[in-house]
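A.B. asks: Each chain, written out:
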Amino acid sequence: MRDRMRKAWLGTLAVALLVSLAWGVNEYQAAKHFRTALDVQHQRSLQGFAGHLDQLDTDLAKGAVAGSANQQVLYLGRVSSQSEAANHDLAQLPADQTGLSYVGQLLAQTAAFANSLSQRVAVGGAISAGEAKTLGDIHTRVIQVNRKVQDLLVRSNTENLAWTSTPARFSLAGIFGRTQVAEAAAEGQAGSAPRSVRNGLEQLDASLEKLPPLKYQGEYSTRSVAKPLGLPAGQVTRQQAQTVAQDFLTKAGYQGLVPVPAGETKGPLAAYTFTAKTAYLEVSRQGGVVLLFRDQRPIGTRTLSVAQGKSKAAAVLHAMHWNLALTSVQDDGSYIQLEAVSEENGIYYYPDKVRLMVALDNGQLVGYDATAYWAFHHTRSFPGPRVTLPEAEKKLPAGFSLTSTHLAVIPRPGNREVLCYELRGRYRGEEYLIYVDALNGKEEKIERVIYTPRGEFIQ
Amino acid sequence: MLSRRRWGITLGIVLSLILSTVAFGALGGRLLSRGTNGPDVREMQAKLIQLGYPVGPLDGKFGPRTENAVREFQQGHGLKVDGIAGPKTIGELNRLTGSSTNASGTALGNKSADVNLLAHIVNGEARGEPFIGQVAVAAVVLNRLKNPAFPKTIAGVIYQPGAFSSVSDGQVNKQPTASSIRAAREALSGVDPSHGALYFFNPAKTNNRYIWSRPEITKIGQQIFTS
Numbered sequence: 001m002r003d004r005m006r007k008a009w010l011g012t013l014a015v016a017l018l019v020s021l022a023w024g025v026n027e028y029q030a031a032k033h034f035r036t037a038l039d040v041q042h043q044r045s046l047q048g049f050a051g052h053l054d055q056l057d058t059d060l061a062k063g064a065v066a067g068s069a070n071q072q073v074l075y076l077g078r079v080s081s082q083s084e085a086a087n088h089d090l091a092q093l094p095a096d097q098t099g100l101s102y103v104g105q106l107l108a109q110t111a112a113f114a115n116s117l118s119q120r121v122a123v124g125g126a127i128s129a130g131e132a133k134t135l136g137d138i139h140t141r142v143i144q145v146n147r148k149v150q151d152l153l154v155r156s157n158t159e160n161l162a163w164t165s166t167p168a169r170f171s172l173a174g175i176f177g178r179t180q181v182a183e184a185a186a187e188g189q190a191g192s193a194p195r196s197v198r199n200g201l202e203q204l205d206a207s208l209e210k211l212p213p214l215k216y217q218g219e220y221s222t223r224s225v226a227k228p229l230g231l232p233a234g235q236v237t238r239q240q241a242q243t244v245a246q247d248f249l250t251k252a253g254y255q256g257l258v259p260v261p262a263g264e265t266k267g268p269l270a271a272y273t274f275t276a277k278t279a280y281l282e283v284s285r286q287g288g289v290v291l292l293f294r295d296q297r298p299i300g301t302r303t304l305s306v307a308q309g310k311s312k313a314a315a316v317l318h319a320m321h322w323n324l325a326l327t328s329v330q331d332d333g334s335y336i337q338l339e340a341v342s343e344e345n346g347i348y349y350y351p352d353k354v355r356l357m358v359a360l361d362n363g364q365l366v367g368y369d370a371t372a373y374w375a376f377h378h379t380r381s382f383p384g385p386r387v388t389l390p391e392a393e394k395k396l397p398a399g400f401s402l403t404s405t406h407l408a409v410i411p412r413p414g415n416r417e418v419l420c421y422e423l424r425g426r427y428r429g430e431e432y433l434i435y436v437d438a439l440n441g442k443e444e445k446i447e448r449v450i451y452t453p454r455g456e457f458i459q
Numbered sequence: 001m002l003s004r005r006r007w008g009i010t011l012g013i014v015l016s017l018i019l020s021t022v023a024f025g026a027l028g029g030r031l032l033s034r035g036t037n038g039p040d041v042r043e044m045q046a047k048l049i050q051l052g053y054p055v056g057p058l059d060g061k062f063g064p065r066t067e068n069a070v071r072e073f074q075q076g077h078g079l080k081v082d083g084i085a086g087p088k089t090i091g092e093l094n095r096l097t098g099s100s101t102n103a104s105g106t107a108l109g110n111k112s113a114d115v116n117l118l119a120h121i122v123n124g125e126a127r128g129e130p131f132i133g134q135v136a137v138a139a140v141v142l143n144r145l146k147n148p149a150f151p152k153t154i155a156g157v158i159y160q161p162g163a164f165s166s167v168s169d170g171q172v173n174k175q176p177t178a179s180s181i182r183a184a185r186e187a188l189s190g191v192d193p194s195h196g197a198l199y200f201f202n203p204a205k206t207n208n209r210y211i212w213s214r215p216e217i218t219k220i221g222q223q224i225f226t227s
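Here the protein sequences line up with chains A and B, keeping their order. Start counting the first sequence at 1; every next residue gets the next number (the UniProt record's numbering). Start counting the second sequence at 1; every next residue gets the next number (the UniProt record's numbering).
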């Protein structure tokens, strides 16, 4: 009896062993398959990275000698797209650690800078001597990066370099194949031969860190302006800000709701923050105006149409003494989102924007964002248009069916504002907004209008 | 004559049966409520998931989780909250998941790739944070697009190696909630409660020296936003 039991146990164990072996082999095969697929993807990214860098080097060299605006736009456009493509490939390569890589940053800066210059040259601008020097600096760095990446590519191909230096916790490949553990232990000193592709890129980063910083900080380093242009003068105390918040809530239809201090924000648009039940408010320290308001109350059954909601928004703006023109509306179901811009003498000032949200259960304001308005609003000194509307319309292609026109000030890269004719119309089944500079007649910007489920959208 | 009438009746019954099957197959052909099953329920479930209302398994069965999702959708879209998908609820679902068009009416697709990816990162990084903090996280991604040191696409910023912990640990792949989608939409419309921040972190969860060295702009919920 005992013997029979023993045999039964041994049989069960043998079957379990066979099953687990089969499972292990199957898992190993699957892992091998995934590893190969990943390896191919990494190879493709490394090859693409090297290829795009090489082309970037060539385009920077050719662009430096291009004399005509057409050739400059062509090569600057190529520099921008090759930099972005190289950065895209770099991001696909395996990384050991977090943080911005210098190579990635250089490529992103190059793309942004070339794109900005290309846009300017395309509308008749010129590249200054300082900008040409910056392009030269970029080229010097790109040559260095490109040379090292080409070396790394050769080494990767000839020495079968591992992708990263991080040892796997347990890997059959590590035991029976090439071992990454030994390689990882052998590296660490900058300047020594890279032991993995990632290590090679890190060494490249370290070598770039020794160079002086590239003198290009972008068209704007963040969305916030360095100094708000529209905030009223003078600082307010938290108590004064609380009164402003209370007044705002009353005008927005929140009777008896008391704002409670919640904290403060720092930076150019520093503000006191408040909460009031489900609502959040920010009141600027300078000038004491409401920058942001958002109520997260549950919204009841819809009783208002979009048009009725729009009327409510106009009434709230009026009660708050705003003189703005509503320019767009989106239907999100329980509320609508609207954009309004300042309007003076028929000119729309698009940078001076206020966003609103109106609940469609009772028409109450549930969202308000005047940050852009207070950041960008100021008294402009544009001379009157030097180009007439009929002259601007001549810029449109033959067959363009014009539906509306008006003057507008639009923001452009490089912290510029341009007074334009906004020409809205249809061409070959598409709808467009075409902006023609009202001072020099140049075509400044093209926007396409599409109709999304929520409303009109400009892209 | 009688035989012809009988044939006519039989044909009528068969046709109405076929038509009713077709009608039940298409979303909007009938009221959907707890206990109904079929391809139209599955289609409705898919649309609810797409808009951030989890229904459990996508199985074409109108169970309690689907009913809850319908209720939440109704609550979030100004509809009568009864858990029954009638013409208004289905109409709103169809509207919000419908295709964008150009001026001549050519369908251009849903055009929500940016919202979708942004909502994934909000869901991965700020689930459980106040709504305004979720908008701020989405705004940080968009602020990076405007900074020359970062890639110029939302995908480029989000999948930048090591940029977001939710990408590293796979949280980003989870289906975003309706709140995350709404926060992403709000940030894309231009709202930025982070005031131009480029980084955010939860002070209780990081000891990264670089990120601690950045000047703080604001704190929303558990997260600090820095320039």
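Mixed in with the good hints, there may be bad ones.
Derived DEER-like restraints, expressed as beta-carbon distance ranges [to be verified]:
| id | chain 1 | residue 1 | chain 2 | residue 2 | range |
| --- | --- | --- | --- | --- | --- |
| 1 | B | 80 | A | 406 | 38 to 44 Å |
| 2 | A | 400 | B | 189 | 40 to 46 Å |
| 3 | B | 101 | A | 326 | 47 to 53 Å |
| 4 | B | 87 | A | 427 | 20 to 26 Å |
| 5 | A | 226 | B | 190 | 16 to 22 Å |
| 6 | A | 346 | B | 101 | 27 to 33 Å |
| 7 | A | 233 | B | 190 | 43 to 49 Å |
| 8 | B | 94 | A | 305 | 15 to 21 Å |
| 9 | B | 50 | A | 16 | 31 to 37 Å |
| 10 | A | 51 | B | 168 | 23 to 29 Å |
| 11 | B | 50 | A | 27 | 18 to 24 Å |
Rather than coming from a laboratory, the hints here were simulated on the basis of the structure. From the three backbone atoms N, C-alpha and C, an ideal C-beta is built for every residue, glycine too.
A.B. asks: Now tell me, hint by hint, if it's right for this structure.
C.D. replies: How the hints compare with the structure:
1. B/80 to A/406: 38 to 44 Å: holds, 42 Å
2. A/400 to B/189: 40 to 46 Å: Once the Cβ atoms are compared, 29 Å apart, the range 40 to 46 Å for residue 189 of chain B and residue 400 of chain A is violated.
3. B/101 to A/326: 47 to 53 Å: violated, 23 Å
4. B/87 to A/427: 20 to 26 Å: violated, 38 Å
5. A/226 to B/190: 16 to 22 Å: holds, 19 Å
6. A/346 to B/101: 27 to 33 Å: Roughly 31 Å apart at Cβ, these two residues keep to the hinted range, so it holds.
7. A/233 to B/190: 43 to 49 Å: Distance hint for residue 233 of chain A, residue 190 of chain B is violated at roughly 26 Å.
8. B/94 to A/305: 15 to 21 Å: holds, 19 Å
9. B/50 to A/16: 31 to 37 Å: Since residue 50 of chain B and residue 16 of chain A have Cβ atoms about 45 Å apart, the given range 31 to 37 Å is violated.
10. A/51 to B/168: 23 to 29 Å: holds, 28 Å
11. B/50 to A/27: 18 to 24 Å: violated, 34 Å
Of the numbered hints given earlier, the model fails hints 2, 3, 4, 7, 9 and 11; all others are met.
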